[in-house]
Amino acid sequence: MGGSALPLEITDLRTTLFTRRGEMKAVDGLSLTVGAGETVALVGESGCGKSLSALSIMRLLPDPPARIVGGQVKLNGRDIVPLPEETMLGIRGKEIGMIFQDPLSSLNPVATVEKQIVEVLMTHTELGRGQARVRAHELLELVGMPDAARRLDAYPHQLSGGMCQRVIIAMAIACSPSVLIADEPTTALDVTVQAQVLALLKKLQADAGMAMIFITHDLGVVAETADRVVVMYAGRKVEEASVDELFESPLHPYTVGLIGATPTPGAARAERLADIPGMVPPLNALPQGCAFAPRCKRVMDRCLTEKPNLTVPGAGRLVACFAAEGG
Amino acid sequence: MAGELVSPTPALRGSARRTAALRLLRRRLIQAVPLMLGVVVINFCLIQMAPGSFLELMTAENQVSDPATVELLRKTYGLEDPVWMQLLKYIWALLHFDFGFSYRQNMPVIQAIWIHLPATILLMVSSITLAVTIGVAAGVVASMKVRTFWDSLVSIAAMFFYAAPSFWLGIMMIVLFSVKLGWLPVGGMMKIGGTGGVLEILHHLILPTLALGLFYAAIYTRVMRSSMLEVAQLDFVRTARAKGLSRNKVTIHHVLRNALLPVVTILGVQMGTVLAGSVVIESVFSWPGVGSLLFDSVSSRNYPVVLGIMVLGSLVVIAANIAVDLVYMWLDPRIEIR
Numbered sequence: 001m002g003g004s005a006l007p008l009e010i011t012d013l014r015t016t017l018f019t020r021r022g023e024m025k026a027v028d029g030l031s032l033t034v035g036a037g038e039t040v041a042l043v044g045e046s047g048c049g050k051s052l053s054a055l056s057i058m059r060l061l062p063d064p065p066a067r068i069v070g071g072q073v074k075l076n077g078r079d080i081v082p083l084p085e086e087t088m089l090g091i092r093g094k095e096i097g098m099i100f101q102d103p104l105s106s107l108n109p110v111a112t113v114e115k116q117i118v119e120v121l122m123t124h125t126e127l128g129r130g131q132a133r134v135r136a137h138e139l140l141e142l143v144g145m146p147d148a149a150r151r152l153d154a155y156p157h158q159l160s161g162g163m164c165q166r167v168i169i170a171m172a173i174a175c176s177p178s179v180l181i182a183d184e185p186t187t188a189l190d191v192t193v194q195a196q197v198l199a200l201l202k203k204l205q206a207d208a209g210m211a212m213i214f215i216t217h218d219l220g221v222v223a224e225t226a227d228r229v230v231v232m233y234a235g236r237k238v239e240e241a242s243v244d245e246l247f248e249s250p251l252h253p254y255t256v257g258l259i260g261a262t263p264t265p266g267a268a269r270a271e272r273l274a275d276i277p278g279m280v281p282p283l284n285a286l287p288q289g290c291a292f293a294p295r296c297k298r299v300m301d302r303c304l305t306e307k308p309n310l311t312v313p314g315a316g317r318l319v320a321c322f323a324a325e326g327g
Numbered sequence: 328m329a330g331e332l333v334s335p336t337p338a339l340r341g342s343a344r345r346t347a348a349l350r351l352l353r354r355r356l357i358q359a360v361p362l363m364l365g366v367v368v369i370n371f372c373l374i375q376m377a378p379g380s381f382l383e384l385m386t387a388e389n390q391v392s393d394p395a396t397v398e399l400l401r402k403t404y405g406l407e408d409p410v411w412m413q414l415l416k417y418i419w420a421l422l423h424f425d426f427g428f429s430y431r432q433n434m435p436v437i438q439a440i441w442i443h444l445p446a447t448i449l450l451m452v453s454s455i456t457l458a459v460t461i462g463v464a465a466g467v468v469a470s471m472k473v474r475t476f477w478d479s480l481v482s483i484a485a486m487f488f489y490a491a492p493s494f495w496l497g498i499m500m501i502v503l504f505s506v507k508l509g510w511l512p513v514g515g516m517m518k519i520g521g522t523g524g525v526l527e528i529l530h531h532l533i534l535p536t537l538a539l540g541l542f543y544a545a546i547y548t549r550v551m552r553s554s555m556l557e558v559a560q561l562d563f564v565r566t567a568r569a570k571g572l573s574r575n576k577v578t579i580h581h582v583l584r585n586a587l588l589p590v591v592t593i594l595g596v597q598m599g600t601v602l603a604g605s606v607v608i609e610s611v612f613s614w615p616g617v618g619s620l621l622f623d624s625v626s627s628r629n630y631p632v633v634l635g636i637m638v639l640g641s642l643v644v645i646a647a648n649i650a651v652d653l654v655y656m657w658l659d660p661r662i663e664i665r
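For the record, the sequence lines run as chains V and Y.
Those letters in the first sequence? Residues 1 to 327, by the numbering used here.
Those letters in the second sequence? Residues 328 to 665, by the numbering used here.
The set of hints was computed from the structure by calculation and includes no laboratory data.
Not one of these hints is a red herring.
In silico lysine-lysine, DSS-like type, Cα no more than 30 Å apart, as pairs:
#, chain 1, residue 1, chain 2, residue 2
1, V, 94, V, 115
2, V, 94, Y, 576
3, V, 203, V, 94
4, V, 74, V, 307
5, V, 25, Y, 472
6, V, 202, V, 115
7, Y, 472, V, 94
8, V, 25, V, 74
9, V, 307, V, 25
10, V, 115, V, 203
11, V, 115, Y, 472
12, V, 297, V, 25
13, V, 74, V, 203
14, Y, 576, V, 74
15, V, 202, V, 74
16, Y, 518, Y, 507
17, V, 94, V, 74
18, Y, 576, V, 115
The following block holds chain V by itself, in its conformation from the complex (with noise of 0.2 Å):
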């Protein structure tokens, strides 16, 4: 583990699904980093391959039909793409952390809160069941729990989403992790929640100095979380910038229709919301050249029969659109 080497690293990755009706690259060549400290949100409708992205990197595809084909995801400067299965149980749950969208069906129904948080640790750390039950305890308060000594008794039915959503929190940080992998957190909790989710995820982050990456198609969360932005469509990055320079000037026609799309207070109510018309395309049938063509209003002869690669429009900022290119 180099010094200066970065918690998470990705180069040019490749899942693919392998299915009866052919192979469908579902992360094609995706390239990403993280710094300490940094939060980089993947953002992109269903279907894009946010979620199988964070999967790869916990090496927890689906497998059949999915697996990785090529690329690197270096944790702290090691890959991790070719290690053994045996290595990997000692990096999940220790150096990443993941938290899910559904909270409620993402704990065991039938195991107490406590007996869910001590597995963590004594899976990782040299405690005993005792001090590991003293330390889910401390957990479940750093991850604001209310009542939390009456909690760790609790089952998971007994919970609210928000509650659930703290004790996988509170799983996900249990070995201070260096990366977190957050995938729609927020999405399945009532609006108020999801800020005090949102609020406590950032200041975990803020005080282990954790590398996160929030996976969402919520635009205003993404505004409020995170520090870099990466626009997936069908499974390439379409386009990067920092949260700021995305929301001001957004290049990629897909990222503008994207924030078209969200809703803004204070818009006239009789004004239509812009919608992206059609759909992600299938990704056994991704047209020849860009996989946006068919939806871009932007759209040229070339773009057509040629897939756009991503170039440098200034500094920090990366794009893959032959418009965006040449205007």
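Could you slot chain Y onto chain V? The hints should help.
Chain Y alone, transformed into the frame defined by chain V:
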């Protein structure tokens, strides 16, 4: 802050869970009363509808033709009353644990059944234990090795034991293990002139247990396999893997317990059929249980005994179901008493 309100249900654990279990027990016992009444009435009526009376057989067997004696016997057994009166009298007697008198054994029905009950309970318990153990283990193995040779092997074996009639299986096992190989006794519960030691009884128990239990083991194997595969797809299993737990730990600590729930449900439903199945198996293996007694009593139209076995059998099934409910509650904390 809608989502963060204190949960209305306090954590159920320790004494709270014990209270809940007692409440469940009380509720089930109260529910059992009308159920038992229904069982008694229906079975009583069914037997009334059966042709002939045990009196005819009894008098014929003992060559009694004197009308006065027959009349006396009718009076003794209360057969001169109208049917509804007989039913009321029977229910009243049952409340005093009086199941009537069995002329064949020349003892009260309750006593005749009591003598045969331990053998049947032993056979039922051992068969169910075998079925659950094999079923759960084989189901787990098949699900962990899904779509491999082992999975197919388990599935084929399960299909075979599910399809094979238990009496046929029993006879075939007698032919193989008792007649050809001479390893195990042909039938009965102890050797002629045996002392009835534990080992001796266990030795006799093996074949009937296999014959009765393997059918249910086959069912549980199939249920367990599909249940394991289903639970393995759930979100919390992915969470457990994201914690860095090994595949075996995830399977045992997270998948298994959740996957057991459907097996327990089926176990409760099938308790009655296990008892029914033991009637057949007891006849095949001359196992001196209630099943043999029932078979014998039906052939001899010994209706008080038949009725008594029906009633006591229902009691056993109800008790077993209550036990299953309590196990279910212990396994799944989400079960609240409704």
